[in-house]
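Build the full structure now, drawing on both the sequences and the hints.
Number of protein chains: 2
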Amino acid sequence: MRKVAILGIGQIPIDEHWEKSIRHLAGDAAIAAIAEAHIEPTAVESLYVGNMLSGALNKQENVSALIADWVGLRGIEASKIEAACGSGAAAFRSGMMAVASGVNDLVLVVGVEKMTETGGTNTTSHLASAADADHEAAHGLSFVALNALIMRRYLHEFGWKHNDFAPFSINAHANGAKNPNARLQEAITQKDYLRARMVADPINLLDASPIGDGAAAILLYPAEKIRRNGQPIITVAASAAATDSIAVHDRFDAMRLAAAETSAQKAYAQANVTPSEIDFFELHDAFSIMAALSLEACGFAERGQGVRLGLENQITPQGRIPVATRGGLKARGHPVGATGVYQLVEVIQQLRGQGGDTQVPGAKIGMAQNIGGSGATVITHILQRE
Amino acid sequence: MRKVAILGIGQIPIDEHWEKSIRHLAGDAAIAAIAEAHIEPTAVESLYVGNMLSGALNKQENVSALIADWVGLRGIEASKIEAACGSGAAAFRSGMMAVASGVNDLVLVVGVEKMTETGGTNTTSHLASAADADHEAAHGLSFVALNALIMRRYLHEFGWKHNDFAPFSINAHANGAKNPNARLQEAITQKDYLRARMVADPINLLDASPIGDGAAAILLYPAEKIRRNGQPIITVAASAAATDSIAVHDRFDAMRLAAAETSAQKAYAQANVTPSEIDFFELHDAFSIMAALSLEACGFAERGQGVRLGLENQITPQGRIPVATRGGLKARGHPVGATGVYQLVEVIQQLRGQGGDTQVPGAKIGMAQNIGGSGATVITHILQRE
Chain Z
5 MRKVAILGIG QIPIDEHWEK SIRHLAGDAA IAAIAEAHIE PTAVESLYVG
55 NMLSGALNKQ ENVSALIADW VGLRGIEASK IEAACGSGAA AFRSGMMAVA
105 SGVNDLVLVV GVEKMTETGG TNTTSHLASA ADADHEAAHG LSFVALNALI
155 MRRYLHEFGW KHNDFAPFSI NAHANGAKNP NARLQEAITQ KDYLRARMVA
205 DPINLLDASP IGDGAAAILL YPAEKIRRNG QPIITVAASA AATDSIAVHD
255 RFDAMRLAAA ETSAQKAYAQ ANVTPSEIDF FELHDAFSIM AALSLEACGF
305 AERGQGVRLG LENQITPQGR IPVATRGGLK ARGHPVGATG VYQLVEVIQQ
355 LRGQGGDTQV PGAKIGMAQN IGGSGATVIT HILQRE
Chain U
5 MRKVAILGIG QIPIDEHWEK SIRHLAGDAA IAAIAEAHIE PTAVESLYVG
55 NMLSGALNKQ ENVSALIADW VGLRGIEASK IEAACGSGAA AFRSGMMAVA
105 SGVNDLVLVV GVEKMTETGG TNTTSHLASA ADADHEAAHG LSFVALNALI
155 MRRYLHEFGW KHNDFAPFSI NAHANGAKNP NARLQEAITQ KDYLRARMVA
205 DPINLLDASP IGDGAAAILL YPAEKIRRNG QPIITVAASA AATDSIAVHD
255 RFDAMRLAAA ETSAQKAYAQ ANVTPSEIDF FELHDAFSIM AALSLEACGF
305 AERGQGVRLG LENQITPQGR IPVATRGGLK ARGHPVGATG VYQLVEVIQQ
355 LRGQGGDTQV PGAKIGMAQN IGGSGATVIT HILQRE
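The listed protein sequences correspond, in order, to chains Z and U.
Going by this note's numbering, the first sequence runs without a break in its numbering and finishes at 390.
Going by this note's numbering, the second sequence runs without a break in its numbering and finishes at 390.
These aren't lab readings, by the way, just hints derived from the structure by calculation.
This one's a predicted model, so the numbers in the text were calculated from it and none came from an experiment.
Be a bit skeptical, because a hint or two may be false.
[What the hints assert, rightly or not] Here are the simulated DSSO-like cross-link-like pairs (lysine-lysine), alpha carbons at most 30 Å apart as the crow flies:
| no. | chain 1 | residue 1 | chain 2 | residue 2 |
| --- | --- | --- | --- | --- |
| 1 | U | 24 | Z | 229 |
| 2 | Z | 7 | U | 229 |
| 3 | Z | 270 | U | 7 |
Structure, rendered in structure tokens:
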């Protein structure tokens with residue numbers, strides 16, 4: 005297997021893009037990546053698209069062929085990978101494997117989702133399709149309600165108060181305020197968090213990430229063929245995926261993201277690093293409870309102690325384990341199937357030293373973790389600057 | 005890249021399975037494949053699911069994690085590949101690449117679709133999501149109407165009559181009548197074809213394939229590790245994918261399936277064979293016009309002459325290029341995202357000599373071609389007996 009490097013990245017601001025169809029969103033990100041890499045578009049050999057809801061919300065399946073044609077790549081191999089909100093990183097992993105195995109040299113990965121203009125379709129109902137349709141959604145559980153049950157149990161079991169979660173939201177918004185591509189570019193205070201409207205008790209509006217229309221793209225290429233040109237090379241040091249039961253009540257332990265733990269452990273082994281060597285962590289903070297559980301699953305905190313990292317100010321760009329450095333799902337936004345690719349684009353920016361006002365000082369090894377469902381499908385990547 | 009072999013196959017009859025959810029359909033096929041291979045289920049390392057409409061019709065995304073857990077494989081890597089009606093073969097190709105590259109040894113591929121019980125959702129409308137949502141479906145074109153336009157043009161351009169297409173349907177039904185897993189197990193006559201109710205002129209009911217609930221599964225393993233035990237080994241000699249524009253009016257030539265041609269040419273090159281060496285061809289006869297165009301694109305007939313193969317009786321199991329040997333999409337049925345895996349299971353059955361009453365005599369090299377949209381995404385596989 006060959007080492008895989010990053011040849012180019014592209015993204016569009018996450019927003020309500022009323023004037024653009026899903027092909028335009030994906031195309032804009034893809035063309036930005038192609039332009040940044042200074043390659044001929046026709047050099048791209050295959051396309052892997054991460055997307056969750058194009059069929060349900062946009063009445064458009066087969067988006068990979070659509071996008072390939074739209075960006076001038078008619079004829080190339082193209083497919084869509086779906087793993088609910090983990091679709092973006094799942095697509096990146098497929099593209100990475102195509103390059104690593106030698107099937108292709110130059111591969112384009114695009115994550116895209118168009119969620120805010122859906123012709124009257126109920127987006128909340130379709131987001132619940134990430135949960136177990138027969139045993140969770142059928143009982144009226146929305147996706148936020150499911151996470152509220154997990155958060156409620158966490159508060160009960162470990163003795164935290166709701167406002168102990170505030171630092172996750174405050175850090176994410178502080179970082180998002182400095183990211184021109186973020187959906188919510190405004191800092192918030194502890195007081196804002198305490199006053200936020202309740203969505204599904206105990207999850208309030210500032211515990212929950214916003215949906216949006218967005219697309220991000222990454223070009224992959226064999227590391228051995230990259231010309232350095234004085235620039236650092238960013239490579240994929242690890243890529244690992246794991247699953248758990250979709251239904252939360254089926255898990256052996258609802259307070260433990262077993263698939264996150266498994267995929268992180270596999271990734272650490274592949275990259276030959278320990279959690280202490282990870283310089284920053286783009287985690288899947290769809291809800292603040294997920295941030296805490298992810299930190300615990302990946303070995304940054306003990307069971308039930310994830311919130312402590314926030315309270316001790318260790319998750320900011322200057323902290324011990326910076327998270328959501330460009331706003332995270334909470335403030336950068338969560339266009340579900342695109343999110344995993346945004347996370348990876350942001351890891352690459354940090355490793356290149358392009359983190360802007362939220363640059364993590366001296367970042368050399370970054371981790372991104374993308375979660376489909378409330379912990380059902382988890383894909384972890386570790387990237388490094390060489 | 006390692007040569008990949010077949011370790012086991014499973015399928016369920018295509019039907020209206022009112023008592024089964026999508027997990028049960030997929031699970032039944034997967035467990036059949038695992039049982040046939042005589043392996044411990046826990047030996048399976050990853051799962052690739054081909055499915056198109058679970059989100060739209062079953063309100064269930066993230067089906068790969070759901071299925072993995074249901075069949076006792078909780079924790080393994082799992083993802084869903086979607087390429088409209090080409091999803092099944094696209095998933096097989098992903099699984100094949102995982103084994104060929106050495107990422108995994110033992111991989112499970114499942115194609116599944118549940119279409120007949122959809123809580124009031126309009127299946128025809130969701131099938132149209134395989135077409136261009138903005139420029140075809142938005143104008144009211146259903147998927148059958150789109151194929152009717154293509155067939156109408158074909159009749160006009162090449163001077164055939166509608167009933168010249170009858171042999172495709174008659175052959176498919178004759179073969180399906182002898183396949184216990186087929187949706188339609190009844191032979192038809194030329195008279196039946198002529199009298200069939202019109203659906204979208206010139207496509208009548210016997211030009212069109214039936215939807216259904218179905219699932220098929222294949223276990224893949226490195227050829228070098230297979231123990232022969234006196235049985236023939238079936239290997240994947242070629243796997244190739246290509247795309248075209250989704251919208252038919254955007255194509256350079258609406259009478260030519262360019263992606264089918266490209267992927268077939270790539271497959272022939274990989275397998276080092278010519279069309280004349282292919283013993284039988286499981287083609288994507290979603291509509292009879294697609295059978296004719298596929299035969300032409302893959303080099304079995306000249307442009308505009310695909311129907312001649314039927315009229316000259318060359319497509320039956322005893323003919324020069326048998327097609328739809330177990331009923332094809334037309335009679336075996338077309339549970340859209342599962343179809344590509346059914347095709348491959350049937351190729352494997354023929355190569356093993358398990359083709360039953362429609363066995364192709366001396367079959368050694370078989371080809372399967374799965375099409376997403378009206379020619380937008382095409383995946384071609386060539387398998388052989390060693």
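Ascending list of hint numbers which this structure does not respect: Per hint list: single violation, 1.
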